[in-house]
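Trainee: Sequence:
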Amino acid sequence: MAFVMLKKVSIISSRYNSIFRHNCLLNESVNRYFVSSNYFPTFTNKVKASYLENNLNEIETDHHHLTDKEKNSSRNSKNERRFNKGKISYNKNSYLQFLNETLSKNEAVSSSVAFKIIKSCGSDMSGENEDTRNELVTQAWEMLKKSRIPMNIGLWNTLLSVYIENKRDFDPVDFLNDLRKNSQLEPNQTTFSLLIQMYAERGDPPGVMKIIEFMMEKGFVMTENMYAWLIKAFAINGNFEGVKHVMKSMRENGIPPKEKVYKQIINALAVRGDLEKIEDTLNEMTKKGISPTVELYMGLLNNLSEGGHRDLIKTTLGKIEGMQEMSPEVDSLIQRFTVREDYENAIVLLDHFKQETENMKPYTVINQISVASFNYLLQADKDLEQFKRLNNAIEKHFNKTLNSRLPFLAEYLAKNDKLDWALSLAVPDESLKRSNLQIYNFILKALNYKRDLIGIVKVFADMGEKSIDAEHSCYQNIEDTVEEVGSDKNNKFLDLAKDFDKIVLPYEFIKSVLSRENMNLNTFSKYAHLGSLGDLLGSIKEITDLMRRDFNSEDASKIVKVLHKKGIQTKVLIEKVVGDVSNRSYADVKEVYSFMLNLIQEGIPTTPNAQYNLLKGLFTFFRVSNSEYFFQFIRTLKEHGIEPDNNQQILMIRMAAKIGNSSAAQFCFDKLMAEPDLPGFYNENKNMLYQYLISSYQNEAIKEERKEKKVANARKILQIAAEMKEKDLKPTAHSASAIAVSHLINGDVAEANYFLSTYGSFEPTVNQRNLLNTAYLTTFISQGNFKAAEDKFNELILNNVVTYGHYKQMFRLCEIKGNVSKMEQLYSKLLENGMKADVNIYEHMIRTYLKNNQPECCLKLLKDNTDNQKQKLGTKLVLSVIRSLALNGIDIVKEAVALARKDYPNIREQTLKEVLLIAHIKDGLVDEASSFLYKNEVVTESESSSTRDNEGKILKQDILVGHLKKYAESAEQLGDIKFIENIIKFLKSNKLAYHVAYPSYLLALDKVNDIEGLRNLYKDHLENEVKENDQFISLLNATVEKHGISKF
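Count the sequence shown with my numbering and you get residues 1176 to 2223, in order.
In case anyone wonders, no lab produced these hints; they're calculated from the structure. Ideal Cβ positions, reconstructed from N, Cα and C, are used throughout, including at glycine. Hints may be right or wrong, so weigh each one.
Result set (DSBU-like, lysine-lysine): computed pairs, CA atoms no more than 30 Å apart in a straight line [as the list claims (entries may be wrong)]:
1) K2011 with K2047
2) K1884 with K1900
3) K1701 with K1686
4) K1885 with K2011
5) K1813 with K1791
6) K2069 with K2047
Okay, the calculated beta carbon distance ranges per label pair [said to hold, decoys possible]:
7) K1997 with D1820: 33 to 39 Å
8) S1358 with N1574: 57 to 63 Å
9) G1980 with K2153: 46 to 52 Å
10) N1942 with I1715: 32 to 38 Å
11) K1997 with N2081: 30 to 36 Å
Please model the complete structure; the sequences and the hints are all you need to start from.
Mentor: Written as structure tokens, this is what we have:
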């Protein structure tokens, strides 16, 4: 049987002062019922009856005074209703924000605002459940108390009403104690009415009766509300006999039960799930002409849900007619179901309501129901798990596959700024690939609708993270936002996307990037990772062309790594790019080297041809550093299990020959000669491999300074030549020249001449011819055959094939002979031929001048060397020049010392000071020379082995004395008596061991027969008792005796 909705009636007010007043007391039968029942013991367990019995009498009994209070209460109620027209908030977060903002202001909070703060924690906050609302009201009440807001009885009653609405488990006695203790207030009629409601909601008839009796004793009248709550208490308790007694009493007292009373009975029956008695009650109402209201039906459904009888809701809905009249109330009820997490019945109610009110397609209905129910959760600030549970309830209700509605949920979340939640619905599972793609498409549609460019990029990034390739449908869903290729928005979209490592964009995005004007490799490398597999495969030609056109190692490596990671074969691309770029320039081949090295270390396959092209480029654009790159690349190949093939081995031996690495060349040679089949040309011309091997030993010898190593390499070349002869292999022109040079290095000119005459039909390269002629000059000079060397050099000049190396050998010849004039002629010719002397020639020239005691000629060479040459002369040679100049005057010495200080800082300062000291002594400036010494300086034994410096002065006197002794000996050879006398004078004036110069002085005087000088020397010996050694004394006595010096 259907529940007929006769008409929509206004909801009866719950305000107690607006209800009909009656002066009747409960009839005696009801009183007798309560007295004889067993409810009082129950009541005393739940509520402290002693408090009610002992303290209710203390309340003011002046009826008129109570009436005045009621008037004030009525005014307060009007204010409360006015401020409650708009809810503060729907959920906890927005409520707390309002609460904190309100109470943090310096302004005083009005009573009306305080009322609203408390009242909003009740059923008005439909977005939260009772537990959360109870937490919030406790927090708000404590904050209001701390803010010292006046707590009037109206505010306390509001708090009590919220407790009841939220079904809070509290002791009413504690509440009343708190009221009187903290506010010095007395409960009023509203307070007691609320307490009646509380006991009724708990199903406690004795509690209700006790309050009613007290109120009646104080002059209050029995109202319909009081009856209704009493009836509810009986009904919830399951005592329907009690319900009948109370209803009978109502009629006897002229208060016929109306909708309000029946509503309480129906709500109680709904909590108990007694649908049969509910139908009987509704039939009884209808017979009595009482029309069920919207509020009644909503309460019925809500209490069925609260009572846990959710299975009865669908049945009950089928019995209610006229749902179109209930739209606002149904909305509120669905909201309650949702917050209570009764998702199944929220969907049932939504579906029923939609079918009653609109004629829509099923797909539209389910979508609208989904949006409506999701909205409730969104407003209530629920988490993602609740959305998923609600979505599952929708799927179940409409017989949909589990999680089949996730794409729609994802779209909803994305539209409502919950993008992260929406993306989390896509699970990285290969079996869910299609489902995930659907979820992403729905999200993209939502973001496209919002024109959310950044959000769209995040979606593609998330797809990349979960290894889900974007399909063309994804692109179609965002066309309105990203616009066409080349547009500002499209470019902005790509620029945003490039910052995400794992993002994958739909097909043709890569082509759009490559088609941009002035696209370069660096820019493209930032976009390459965005491409899908198909997009990149379809763009391989364009990518290859771009890498060829604008190659650099870093960006090319990034792009190839992206392609490889996506499963694209890159061998052909790498081979084409390397083959092209390696043939361009030295700089390009260096970039290719870095590129290939990177790929091999990353484990990306490369072809032998690509490897060969790189090695060929490094060989072709040879630099010294290239050889390092060359062999480092070979080592890298081997470290990664890649053995060079024969073509690469041939390049290796050629490079080894070029740089003079005989061990590497020998290794490659042995390996190649062991191969049965060599690459075409070399299989027929093995003498070329011998040429490379011979060149490696020859070039290695050229770099060597040690003669023994040069000789050893020459002998090895001769061994190879013998092997070639055994195999009947004719040496190439290059090899023949190298073999002849090796004979010359071994000093065998005759054999060299014989070899050249035997294989003289070749025309050697310029380099080999020069090496051969240099070897002849070197050998002639080493053997002392200077004329042959000079004849050979003149021949070279005549044929205009003379080289710097040839000149160098001739300067060496001049040094050996000490021929200054020939050397200076040679130097002039060198300059006339447009050549410049290097450090080797300067060294030959300086040593030649020094050999001829012409150190003053060396100073200009020192200047030329430091001004024009990168390589400086050796310190030892420069020092020899400076020391030699010490005897040539102070000015030239000072110039040489200044040059040394500027260009040869490694020459110690005390050494230069010593040279200046010698120069001053030579010129007879003994006092100036003495300024370089510290007076009374004691040189300890521990210091005598080293030199220390203080302000540039010479401190090691014993070392200086030794050097002056040597200068004296040199002066004696030159017959320079004056210099020796100056040395002795200097030593004497500084109280140093001047006698060390006496032997040289004695010999010099003897040479020139300076009798007076000898007499003075002998006299000084006798007078000062100088302790010379025995050898000097013997020499002195012999010289004196020789010249007959016996008297003074």
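Trainee: So, for every hint listed, does it hold in this structure?
Mentor: These are the hints, each one checked on the structure:
Distance hint between K2011 and K2047 is fulfilled; the C-alpha atoms sit about 14 Å from each other, no more than 30 Å. A threshold of 30 Å between alpha carbons decides the hint, and for K1884 with K1900 the separation of about 24 Å falls inside it, so the pair holds. Distance restraint check for K1701 and K1686: the Cα-Cα separation of roughly 14 Å lies within the 30 Å cut-off, and the hinted pair is therefore satisfied. Pair hint K1885 plus K2011 holds up; C-alpha atoms about 27 Å apart against a cutoff of 30 Å.
Simply put, K1813 and K1791 have alpha-carbon atoms about 18 Å apart, close enough for the 30 Å limit, and the pair holds. Our distance criterion of 30 Å between C-alpha atoms is met by K2069 and K2047, whose separation comes to about 20 Å. In this structure the hint that K1997 and D1820 lie 33 to 39 Å apart at CB is violated, the actual value being about 57 Å. Evaluation of the 57 to 63 Å hint for S1358 and N1574 yields a pass: the beta carbon distance comes to about 58 Å.
For the pair G1980 and K2153, the supplied restraint of 46 to 52 Å holds, since their beta-carbon distance comes to about 47 Å. For the hinted restraint 32 to 38 Å between N1942 and I1715, the CB-CB distance of approximately 46 Å leaves it violated. Remark: the range hint 30 to 36 Å for K1997 to N2081 is upheld by a beta-carbon distance near 33 Å.
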